[in-house]
Every structure is written in structure tokens, then in C-alpha cells.
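**Q** The chain contents come next:
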Amino acid sequence: MTAERNSIYGAEACSGCSLCLLVCPVWRSTFDIRLTPHGRAKALQHGATAFDVADSIDTCTLCGACEPVCPEEIALVDMVLALRRDLASTMPDRVGNAVVQLQQGVDSNSTTALSAYPTVLLADSALSEQPQLLQTVLALFSHEQAGLAADSGADIALALEAGASVPEERLNRFLAPLRTVRRMIVCDGVLLRALRDWLPRTRIDSLGEAASSLAGVRARLRPDDFYVIESRAYHADRERLVAHYDQLRVSSGCMMNLDLQRLAIPTTASHQWMPEKRRVDPADQARWILEGRVVARVVVEDCRDIAVFQRVAPYPVLHVAQLGDAR
Amino acid sequence: MDIAVIEPGVIPTDNVAPDALKGIVRQQTNPKRWEAANWAPFAVAAASADIELLVQPGIIGTFSTDAGGTAYGMPHAVVIACSAGQISGLLKLAQQFHVPVTVRGGGLTTEGESVAFGGVLLDMTGMSRVLSVDKNKLIVRTQAGIFWHSLAESLRRYDLDYLSAPLNLTSSVGGSLGVGGIDVNSPRLGCSADQAISLQVVTPTGDIVECSDTQNTQLFQRVILGYGQFGVITEATLKVRPYTPLRMHYFYYSSLRTAIEDLQLLDAGDAADYSGILTMMDKVVNLLVAFDSDEREATFMASWRGRLRGHGEAAFTLLMGLHYGLRPWLWREALWLRERKRQLFPEFRRPEHIRNGLMHDRTVVFSRAVWKFWGSRQMVIPDIATSTEKFVDAVEQGNAVCRKYFGHYTLYCVGIRLREDHRQHYEMSCIPPDATTHAYGCEFEPMLENAVYSRDTLQSFKNDIYDIGVKLGGSYYRFGGMMKGYIRRVFGDAVVDRHLAMKREADPGMILNRNVIF
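Chains A and B supply the protein sequences, listed in that same order.
All letters in the first sequence, in the order written, are residues 52 to 378 by this note's numbering.
All letters in the second sequence, in the order written, are residues -17 to 500 by this note's numbering.
Chain A on its own, in the form it takes in the complex (with noise of 0.2 Å):
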């Protein structure tokens, strides 16, 4: 039995105070409470397992949202990955599709040594696919001389969102040639959590946060913009991240995909995990996200969502870097 099974996940202090049922995507969707991190935490409390809270933990989408907002400061995107590994232990077949990826990995003799760069941008699968729009991403980064990793990690990622086990000699593969990295850009927001455990002494930005930090970003950003903030590297780290996001609000005027309580709305697009047992349609989201607001183009820091929003949005929609071509 681990240590987590002993704690049940860090459940036992949830007091069922239902804040997070309010910033939870797929209690908007399905208000179903079974489905939330309220309903997870309590089960446990009473006697579920793991296997019982499965199709709860499945549906997660880990836009951690609920983190921020739980007043007994439960560590509910760890519990739902804890819940996942345990699920994967007793039933592989559940990962299988993570695991191959890791199998294949990536041949770390092909990556550049990535000490010649100052920074180092890590794509996310999605970025990775449209080699356009990551020359974009770079060349927005080109006065700190970026340079792209080869070993982005992606499988680590999935791995890490659904439950596998990473094998030791896969993560040194992958960490290696990062310890001597002094900055990382990281697109995907479950590996942006982890990289900061793993890499303490290292400065891991997000891609969104990266972008918006440069002038010429933010110069661009017009008041009739709607910016969608990523919602998992915004809510991994909250307590620093609203004051910047407030700033470049009230610096550019735009208007942002934030709630009353200052939680990024998720699209939830980039949740690619067991996608059988999504509950929440990103399209749905986005809608939600653009209900009654005025907007002439939409920028979103997660590409994914530049598909997601063009179904339903009828106005431009571009990638944060993209305001970075115009120099």
C-alpha cells in the first residue's frame, strides 16, 4: 500500500465546501457531482477506491482550476494523477497507448546540446505538428537566441497525464541535456508541473506567460481582443500569474477568458487522455467563454485552441507569438 493510499490522496481534509464545483468544466457540462474533485474527495472519504472513482478521475480534464480556489489547499491535480497511477498499476491495459509512445521515445544523441542556447523552448505534440507556426513561436524568441529541444518530451507529458510510469532511464534521457538549461519554455501545462519538480533551480515559464511578457506582444494586443489564456500552466501557478494577466489587461485593455474569481475558463482542448471519456466539448467552452462579449479577433496561447475557437468564433483567431510576426 503507497503512502497516498495511506492519506487517501490528500482527500480526507476536503470539508465539501463545493467551491471547486464552480470552476470545474465538467460540472458546467454534466452537473453531476460524482464527476468533480467535491465528489472524488468525498467518495474516497467514504470507503471508494481508486477503481470506484474511475470514470470520475477519467473525466478530469487537469485544467486545475479547483486548485487555486480549494480554501483546504488540496493538491486535487495531483490526486487525480496519483488516482491514475494506481489505476494504471493494477490495470496496464488502461495506459497502453502512453506506454508505447514511451517505448519509442526519442533518441536523445539526435538532440542539439542545448547548453549553446539560453533558452530553450519545449513544444508541446500539438505545436510540434505545425512546424509554421513553431518557426513562429521561436522567431518570437530569436533575440534571446532560442533554441528548440528535439527531445520535447511530449510522451512524458502523456505518459504523466494518464497514469504510466516513466522509466527512470527514459526521464534521465530527457532531463540531461535540461539541467543545463537556465530558462525553459514549455508549452505543455501537466509537464511545466512536473519539469518544476524535477528542475527547482531551473526558470520554467509557460509559452503563454513567455509571450506575454515581450513589449512587442503586448503592444499588439488591442482592447476589442479577446486573449485566452492556457489554463493549466495560469492555474499550476495562480498566486503569481493573476497579478501579470491583471497587468496585461489593464495595460492593453484586452478582454481575457478569466471568471469572477480571476480562473482561466479551460476550452479543455488540450486534454488528449482516454478523449472516450471526455464529458466537456472545447467548442462548448469556447462558446461559454465568448457569451455577451463584444470581440474583434481572439488570441489563444494553446494552438489547440485555434481550431477550437475557429468553429465557433466568426472573427480572427491567432496564436499569442503570431502578434510577435508583425516586427
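Don't take every hint at face value.
Claimed, not checked - Computed list of lysine to aspartate or glutamate pairs in EDC-like fashion (alpha-carbon distance at most 16 Å, straight line):
hint, chain 1, residue 1, chain 2, residue 2
1, B, 117, A, 342
2, B, 354, A, 124
3, B, 453, B, 375
4, B, 354, B, 329
5, B, 354, B, 375
6, B, 354, B, 321
7, B, 221, B, 195
8, B, 265, B, 315
9, B, 386, B, 264
10, B, 119, B, 141
11, B, 354, A, 123
12, B, 354, A, 290
By construction, these hints were calculated from the structure, which means they are not laboratory data.
Given chain A's structure and the hints, the job is docking chain B onto it.
**A** Below, chain B without anything else, positioned relative to chain A:
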């Protein structure tokens, strides 16, 4: 010892009255669990009617207690509400098989009112959709299980806001309409229940009825502030208003009496859009005053500010420094107050909610603070509601009780503007019968601070507070559940028996929220 069997709907001898148990510590326990006499045929019938009964321990356990955390009970099954038709079917079967149904919104009761001691727990949060927003008529139609905060999120997209709602993000609309709902603008706009224009209600016998002040009037009167006895509110049409950020002012007092007199002065003169009192024990008494517009604020500063006897923060800090400087034996208390201030004040001034001196999203700011600094797994919040004239005495006596039981506590006082045309709504509710233009309520919130108190101690504290209400002829916000022993003492036999007769007629099986009032 033989324990008499009490038929549901019969209110027994008041076993918490001061003279009920001579020499014995008064205590109140959970209601007896329903014995599930007809559960099996009921479950079969429910399945035939496509009503899903959730029976897994995890989901049942989710609702085992309420925000108070002192009453515990388990339903036999949970039903997640999804439509008025589904609830109608459920209640018809419940009547047929005599199965109790307990309705729950946000679960923010403290006396076990939203805890099911057997039977079905109906989770109304399953009905949380906003149905329509009319910006021109300033009206919203919503499903009643929705949290006020979720409603606010929808309204804000149209630059609208609700009128008044509890300063707690997870209060539900239906729950608040059923019991009152008090905001810091209630001195001006009344309680939440008074903003309902019309309701869709499923009666205890399963009829789906629309009611308002002009349609099915009697049902409307009984459901509003009716503690869930006369129907399940499934949809509500509410008045709304344009959203405005607040211009906040805080005045500090060291006297409860002076602060309350000033609060009532402002309310009587309609001098502020928002007002209320929040204290650190009886040492730091904060009168909160806020405005929706610059004009209202300017009028206040010109005509009312000079009449208030409170101080600004800097002056009050200086006065407190002098007070405690001369009393070294109270330095421990002074240190606690200083630490409390250090933790609490920044939460009310978070930069993302303050812009150009205006507070945005007051409920978020207050509710975050409430959960962070007052919330815990156990909360005991007895209250008293009185007329304007009796309020100072009630608060001072309640304050003495708090001092007797706890090291640290908070008082929250607010006025409620009453609607003369809603007198019928107020009968046997938290609105005291002798209140005229305003009623006043005070919550007495001990800070349990990880200390362990027996339930008897907490119950004795509540009884001591409620005894004040009986003595002064007031009422309570939380008179149901574990405190229902006070119902006859407060409202009198005539009123209670009349309501009981109405309840029996409306709910022949006495199945709906049976452990709350009757």
C-alpha cells in the same frame, strides 16, 4: 428507558427548553433514521419511472453532513435533479410509499436541515442552468439549483448582477429563496427571497405549479421563506440590476452599541447602498459602508459621514495602541488582534479585485475570506433576528454568551428592508413579527481554531444564544434541524399549528424535508 414513538409531523415537548430537563445538560441529537419500511417496492417503482437512485457509498457519503458539520446522516439513495418532471415523479412515488425526501442545494445549512436521515436526498445542483436573461426588463429565469455565483457569472456577461444574495459563493438560489438570503445590500434591497418574481414549484404531491404574487398566491407565500416544507423550487424568475463595482468605506468602533446605532442611522436614512458590521470579537467593530455610484458616495460624505462616530483605520489603530499600551495584562489579546488584522485585511484588498479604488465582485472577495478565515469542517453559527429597537440588546447579550464560551469569535450584523406587501411571506420565518420597515440579524460565529469542542458544548452555546431570542421576542435564520425545539417557543402554538395543518394538507405523507421544521 422507553422512548416514545413520535409520529412525523407531531412536534414533541420542547426538550431544550431551560426548564425541560432540570439539572441535566441540554442536548439535541440527530433525528432517528427512517427505517426504510417500503424502500424495496419504492426502488422498483422508481426504476420503472426512469428515476435513477444512486446508492453507491461514495455518492451517499458525499451528502452525509452539511456546512455545519455537526449533524450526520445517510440517505438510502441520492437522486440528482434534472427536471421538474423527474422531481414530480419522485415526489408522487414518495407519497405513495411514504419515503422521505430531503432537498439539498448548496448544503450550507448548519443544523442538518439539508442532511437526509434515510430516504432520498434530492441534489438540486443538477438543475443549474440559466434559462433566459432579459437585459431590457432586468429579469432572469433560472433553474433553482444554481449557485448564486454561477448565476452571477452568466449575468456579468450582460453587465448585470443579482439584487442580493448571501455572501457565499456556493449558496443556491432555491435554498436562499426558501430561507431568506442576506447580503450587505439587504438594508436597501431586502433579502434574496424578496426578489423572486415567480417560481416553478413541484408540490409535495408532485404537481408542477407556477406561482407568484398574483398566481397561486398562497403557494408562493408558503414556499418563499417556507424552509422547503411546501414544495421544491425548480425554477425562479428574479429581478436583476446593472452591475456596479463598489466604493468601499470602513469605519472602526470599539463599542458594539455605538456601531449598531450608527448602522441603523444610515439604514433609516437610506444613506448607503451597502452596510453591515463585521467584528473581531467586541474589540474591533468594523462598520462597512459602500456605494454603487459616485453621487451616492458624495452625498454620504457631505451629509452623513460627520454624524458617524467611527474612526478611520489609522486613527483607530492609534487608539487601540494607546488602549492596550496602558493594559499590559491584555497584550496577548492585542497580539491576536494584530495578527488577525495582518492575515485578514489583505484578503479584502486583493489587487485583482480592486481597481481605481473600486471593489469588483464583492461576493468573491467576501466569500474567499469567509472560507479562508472562518470556514472549517465544523461551523457553528447561531443567530438572532429582531426588530430595530431590540437589536442592540440582542447583540450585546449574545456577545456576552460568545465571551463565555470561546476565546475568539466574530459577529456579523446586517439589516433587512422589509416589504409590507410580503407580510404573508414572513409569517413563521426568520423575519421577526414585530419588525416594521427593517429587521436586523446578527450571526455569532465562534472561531473553533482547531480546538475540539463536544457537540453538547456547541449545542449549549447555541441554546444560550437562542434563549435570548425567545426572551426578546425575536426570530432566527436557522431555526430548523437541530434547533427546531425552539419553534413553538418562538412562534407560539397558534401560528405553528396553523402551519402544521397547512403542511399536512399539502404533504399528506409528510415526506418532504421532514426533519427540518415539523
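**Q** Are the hints correct? Go through all of them and say.
**A** Each hint, compared with the structure:
{"no.": "1", "hint": "B:117 - A:342", "verdict": "holds, 14 Å"}
{"no.": "2", "hint": "B:354 - A:124", "verdict": "holds, 10 Å"}
{"no.": "3", "hint": "B:453 - B:375", "verdict": "holds, 11 Å"}
{"no.": "4", "hint": "B:354 - B:329", "verdict": "holds, 9 Å"}
{"no.": "5", "hint": "B:354 - B:375", "verdict": "violated, 30 Å"}
{"no.": "6", "hint": "B:354 - B:321", "verdict": "holds, 15 Å"}
{"no.": "7", "hint": "B:221 - B:195", "verdict": "holds, 14 Å"}
{"no.": "8", "hint": "B:265 - B:315", "verdict": "holds, 9 Å"}
{"no.": "9", "hint": "B:386 - B:264", "verdict": "holds, 13 Å"}
{"no.": "10", "hint": "B:119 - B:141", "verdict": "holds, 14 Å"}
{"no.": "11", "hint": "B:354 - A:123", "verdict": "holds, 8 Å"}
{"no.": "12", "hint": "B:354 - A:290", "verdict": "holds, 15 Å"}
Checked against the numbered hints given earlier, this structure breaks only hint 5.
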